[in-house]
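When you get a sec, could you build the whole thing from the sequences and use the hints?
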Amino acid sequence: MSQKRNFSIIAHIDHGKSTLADRLIQASGLVELRDFRDQILDSMDLERERGITIKSQAVTLPHDGEDGERCDLNLIDTPGHVDFSYEVSRALASCEGVLLLVDAAQGVEAQTVANLYLALEHDLEIIPVINKIDLPSADIERVKEEIEADLGLDSDEAVLCSAKTGEGIDDVFRAIVDRVPAPREEVEKPLRALIFDAHYDPFRGTVVSCRVFEGTLKAGDTIRMMSNNATFRVEEVGIHRLDREPARSISAGEVGYVIAGIKRVGDTRIGDTITLDSEPAAEPLPGFKDVKPVVFSSLYPVASDDYPSLVEALEKYTLNDAALVYEKDSSAALGMGFRCGFLGLLHLEIVQERLEREFDQSIILTAPTVQYRFVLNSDEKLTIDNPAHYPDPTTIATALEPFYRAIILVPERYMGVVMDLCRDRRGVNPQFNYPTPGRLEIRMDMPLSEIIYDFYDRLKTVTQGYGSFDYEELDYRESDLVKVDILLNGEKVDALSMIVHRDGARPRALRACERLKDEIPKHMFKIAIQGAIGGQIIARENITPFRKDVTAKCYGGDITRKRKLLEKQKKGKKRMKMVGSVSIPQGAFVAVLRSEKK
Amino acid sequence: MTAPGLYVHVPFCRTRCVYCAFCSSTDSGMAGRWLEALAREAQDSAELTEAFDTLYIGGGTPSCLDPDQLETLFRSLHDAFAFDPGAEVTLEANPADLDREAAARLAGLGVNRVSLGAQSFDDEVLAFLGRRHRSTDITAAVEALRAGGIHNLSLDLISAVPGLTAEGWQHSLQRVVDLEPQHISCYQLTLEEGTPLAARVERGEAALLDEDTAVGQFLAGSTFLAHAGFEHYEVSNFARGREQRARHNMKYWTHVPYLGLGPSAHSFDGAVRRWNTADVSRYCELLETEGSAEDGRERLTPEQLGMERIALGLRLADGMDVGDLGEDPDAAAVLERCRELDLVTIDGDRIRPTREGLLMADGLARELCSL
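Chains as they are written, first to last, in the numbering used here: chain A, 1 to 598; chain B, 1 to 371.
What you were told as hints is all true, and nothing was included just to trick you.
A few chain A residues facing chain B, derived, Cβ under 10 Å:
| # | residue |
| --- | --- |
| 1 | 522 |
| 2 | 524 |
| 3 | 545 |
| 4 | 548 |
| 5 | 549 |
| 6 | 552 |
| 7 | 556 |
| 8 | 563 |
| 9 | 570 |
| 10 | 572 |
| 11 | 573 |
| 12 | 581 |
| 13 | 583 |
Simulated pairs of lysine to aspartate or glutamate, DMTMM-like, Cα-Cα distance not exceeding 20 Å:
| # | chain 1 | residue 1 | chain 2 | residue 2 |
| --- | --- | --- | --- | --- |
| 14 | A | 526 | B | 356 |
| 15 | A | 492 | A | 519 |
| 16 | A | 568 | B | 298 |
| 17 | A | 522 | B | 356 |
| 18 | A | 548 | B | 340 |
No lab work stands behind these hints: they were computed from the structure. What you are looking at is a predicted structure, and each value in this text was computed from that prediction instead of being measured. Where a beta carbon is used, it is the ideal one built from N, C-alpha and C, also for glycine.
Structure (structure tokens):
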């Protein structure tokens, strides 16, 4: 029997996770040099362009040890963003060890720390790997100190490598084989396999990626999902190479895939346990939870005629992304659409981009909001994620908003500006740690609504790129909330309303008016943009009208050009949304969320 | 006015003006070859057309052709085409090119209307624009034309030139009115890509006038000329009366067919618009080898024709037909908004731009074409 190791790579963004995965795949000989491309595991265009991993991927790497013994190394690549932390946790639960990657120049950052805690929670063997040692700015000694001080790991155990040049890759392989524990292979027990990912294949339906902990799974078996008792008949099992490689069975200790006529990705739950219908396990594997969206926004087609097409696109889209939840919504300004829940802002952006690119949809997203809770005078409790459903203010006894803990790691010299920013964002209860001289960790309780309002962008700006950031859920706290409406020429645009803290209402309304002034083109008439709480106007901007919009000459040779321009403008106008007589470009609806000019 | 018009593009100038992007060359050595190519193009187009009631020789600077060349040009046209006895025959001229003899020669060739590129009566403005004439040349040219027997005159002015003050603009308007022409064109200076002026603005060496000042000069011109008895009948054109409107140009604006000869010239037969290459030597070469210098053509759909009628109509005091807006349910609301903004008046089934509406003609067209 061949040996197995199951491991993952975790890292702060840009510390070289995908590059290291690429190099390991290449070194294992799984792919010919000529077929190789960078970020080989990231199959989506969007992943490659942004240099991020959105979905988990697994690949089984053949490795011949120095003793000549063959070892199968299962690499489970995880998304590198806090929006997807539950997926990451399920991927880690499928492993026995992790490579904790640290950039030799940047050192330990906030997500490195967060990732370490995550790995510790899963009781994994942690192998620190210092990457990018080829960089002229690499400072291995300092990074080793940080690994000792910030992470509490033995820096002598750290493996040095450059995923870019290939230096040290053999040491990485040796560390995986020697230090990641071999999985237990309890083949005799009833089947228990952990689902850590699912993706949609147009020909085969849902392809479920799983780690088998106990028992054996093969084609022809009838499997049962332990969270909801749904059963499916297995058509094919196998292991992940760069493509799928069918196998007779997959057994305890192995990582592989299952195809079982499952139509939608939504019919499988990440974190669920697969067992056999004929001989079910007594208990599911621990850690399953239903992932709840935290950021909400409405989605509308730019042209109302395109609503049916958007319905279809969303149905298809959710085949492959079960984390997006949506229900019908309608707006006086924007017509029929959907209220959507997202795992976070990055998830929202990904959904928007993929719908536009892969499904050719022209959509408007409204400003994202969080889920608020209200207790009314009548003792009725309300949960609201849409400003349109904001209750009558006179009926509200208590308003509550979600608080998260922001964890910020910065060079000490930025303490002042970061604290100013955090206080500006209603951060409270600061705690400071100095993990190493010169470096500061700030932990602060902060409303989620402030975090999603471009907090990370602002943090990057004020710390000149040195600040890193992570956040985790805390609780709901009482808050003085108001609804701010935006009016265009006196007409309320419901899709632009927002729920904000009373202290921030005026500045937020002012900024929203300024952003709209930048986004909405001049019209033939003056446009008044107003922000209001109830009947009270708290902010105002004007867009002055065109006074002159005509070419001086229009003779025989000018007419065709003029008409072509009109045809183009007519098309462009179809991509705008009419509110009353004002044409609003797509981007304006999310622009109100930015505090800075783009 | 349904007889077709004939346009001839003379692609030569002595010097180039800083703002001009029209097809023109300063290499007058090419003129002989061009004349031959033009004669061929005229011959090839001859059988297609009925008699013209307008002929417009534009450019370029047609007045920079020498007497023999002008004579050859007119002979080629008369050999190929028939003209109504009362045809309007216009030639564009630079004031510096005209003396009494030149005027008499033009009259002898049948020219009965001259469009004079006066542009300004302020020598500093003329120098800025790169014109080779001075204000005294304009007065002299007008006198010479009348003495030579050409009495139907149009003068061009340019407003919104960097450095042009309200007083300076008023002065030019007064001077042009004093000369009592039948027709005046007032063009707002436009930055055309690839011109020396555009490059200077790009480098920050010159700045166009701000919108409010440019608007002020447009409205001042319209008001001043109205008082002087000129009808503002098109965005940039003014005429003493309906009969004095530029008969040839009106054909462009009302979809009456026209034939265009010469490089960059456009032709339109009511359904198809086609155009020649804008490169002078390529034009000659194509006619020598292929017998046609056509560079492109399009057949207009009924929708496209409708769109053009809206865009062109909104540039005219006569306006457009409400029927061209089609059946769109939003049309009435959009139209009403334009009326409330005092940009158009609605009179039965005519939609007419106001003076302010003419300044917004492209914006209006965009609104009414995007229904």
